[in-house]
Amino acid sequence: MRTSHIVADFRIVARSYFRNPVALFFSLIFPIILIGMFGLIFSAAGSGSVNLVVINEDHNSPVSVAFLQALNNTTVVKVQIVSVTPQNFSSYLGANGDSVGLMIPAGFQSDYVNHTAVNLTVFSNKNDPSSAGAVSGAVQGVANEFNLRAVCTGKSCAPIVGFTLRNVGSQVYKYIDYLIPGLIGFSILTSPMFSMVDIASSYRKDGIFRELSLTPLTKSEWLISRILWYVALTFVTAAIMIGAGILLFGAHVTLTTGLIPFLIVGPFFFVSLGMLAGSVAKTPESAALIGNIITFPMMFLSGTFFQVSSMPPGLQAFARVLPLYYVIDGMNQVMLFSNTTRALTDALIVFGLSVVVFLAAIRFFKWRDE
Amino acid sequence: MPAAIEVEGLVKRYGTLAAVDGINFSVPAGTVFSFLGPNGAGKTTTTEILEGLRRRTEGEVRVLGLDPWTEGAKLHQQIGVIPQDFRFFEKITPKEAIEYYRALFGTKVNPKTLLEQVALSDKANSRYDTLSGGQKQKFGLALALTNDPEICFLDEPTTGLDPQARRAIWAVIRNLKREGRTVFLTTHYLEEAELLADQVAIIDHGKIIAAGSPAEIIQTHGKPARMSVEGSPVLAEYLRMNLGAAAVVVDGKISVTLSNKGDALKILTAIEESGLPWTSFTTTHDTLEDVFVRLVGQMDEGALKSEESP
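Protein chains in written order, with the numbering used here: chain A, 1 to 370; chain B, 1 to 310.
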């Protein structure tokens, strides 16, 4: 292994790339388009009714159920009942990307019937004031209606149902926040896969591998130089995507050095995999087919555009066998949740797979005919 | 002169088909050796075995004393190869490509000198995809020379080029020989081989059917030279009667076979002495191409046996 060989080959790859307008478009402009497109689609979708996560500690008493029904009927909110303990509710909301929640306390019905003042708790997030405002308004409106319906007894006609506002315990994430690691993962997958599959078969067909086999350059040096190139490209693409996400959509992501391992092992894995897929194929057409079969499921099911946690259980299980899942999950862990232990596990899984696929690619890709 | 390339009993089989079927030849160092044959005869297979790009089935092969398959890496430091239809990274210029190869081979060659050597200096900074066919071949030649090789393998270097570009490549090949390099040239163009090669081998159906210098091959396998005379048909009979010469009338001309060197002079003298009318004469002899076409034709009919090289 000679560094001078890798450097010389890296320079050729870089030059070829910078002189290719299509390649430049896909690595520099396309990420912005992707972020812009998905950011716009999903921020527009968010302007409908607000998802209101509810825990009902009054055990589905008829009054509490009627209250939630009335809330749903406002069409301002869409009630989603979950079973989480009141202690964990705030962190649950944070971890699941929901910005508003409502807790109906135990004894709600008896307090209401007995005309004893009772307080609901609305959890909201200061980063999402519009949802918080909508929910507060809806809860206030329904509470007023319930207060009016209660028959005033004697001199006491004070409002019974009130609510207090609480901030949720941790940062709440919006779609765009998940979209950034997802789309970085998307480009880590697609950029090397499509290009390496094509290179593997077309260089063989054009005799460029034959050409290179007559020089002291080795297959490993050649593949390492491609990996390094895609690592460099991934850093640029990731910077563009993070920048565009923050500037255009006010995304909240943590910029941490913990991201770096994923920007390295990701390209390491997919450059090797693309080379392996292109090498086992006999023709450029079958190479493209194999490449697509590998790429497309990962493109949609690894948490690129949609969070894996929002998918049906069967698909979630399938996602966990896709290597890109670990790249994107790891980036989510470091950029959103600061969960370094899980991120480290993800990085090690991808690294282990990369070593195996790299060795297989070297084994199967032939400079010369046997 | 030591042999740069030695091949003994070389066989390459694909399944049951023998693409190369037990060939022998050797190429002395510093000479131009031309390997000829119709398409599918085994030329490229043999060449690729010599270059270490293909594994042989049987036989002994030594290139610069090395086994091309097992000692390929060492051999590649000392040989230069231009494949048929040379292709390279599309956006890279000849100068950058030479710098790239220079870094890979660890040599100190100056790109400018190398490009001058192949007459491509004016395109030093033009990208591969903007070059013409001839310029691309010169690009390939320059790259093949980056490691200052002892042997240059040129696989049909002028196929598809215009006459001017072909002549430019020929000049480079002559120059390579002048510099003391061995040139292994495969070509479709027989005149190219006749012009450039010291030694020629003709391969067909995996066997060598003729080998030697172009002149030797023509002498061994060609028809004798002929003299064609325009004049009275009676001359034919006169020459047969008086000289015992094999003279016949073909297309209104008298055609006489020249069996020996002095025959032409004797015939002309006899014609002059006959007093019969005649206007002009020409002499013709087989070219390498005539011999090639005939030998390959006979091989196809199964009438010829392979021959060992000298």
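Treat the hints as calculated values from the structure; they're not laboratory data. Just so it is clear, the structure is predicted and the values come from calculations on it, not from any experiment. The beta carbon of each residue, even a glycine, is placed where N, CA and C say it ideally should be. Errors might be hidden in some of the hints.
Computed list of lysine-lysine pairs in DSS-like fashion (alpha-carbon distance at most 25 Å, straight line) [as the list claims (entries may be wrong)]:
#1 A:K366 / B:K74
#2 A:K366 / B:K108
#3 B:K207 / A:K219
#4 B:K95 / B:K108
Examples of chain A residues toward chain B, derived with CB under 8 Å [as the list claims (entries may be wrong)]:
#5 N147
#6 G207
#7 I208
The hints, checked one at a time:
no., hint, result
1, A:K366 / B:K74, "19 Å, holds"
2, A:K366 / B:K108, "29 Å, violated"
3, B:K207 / A:K219, "35 Å, violated"
4, B:K95 / B:K108, "14 Å, holds"
5, N147, "75 Å, violated"
6, G207, "6 Å, holds"
7, I208, "6 Å, holds"
The structure fails hints 2, 3, 5 (numbered hints given earlier, in ascending order).
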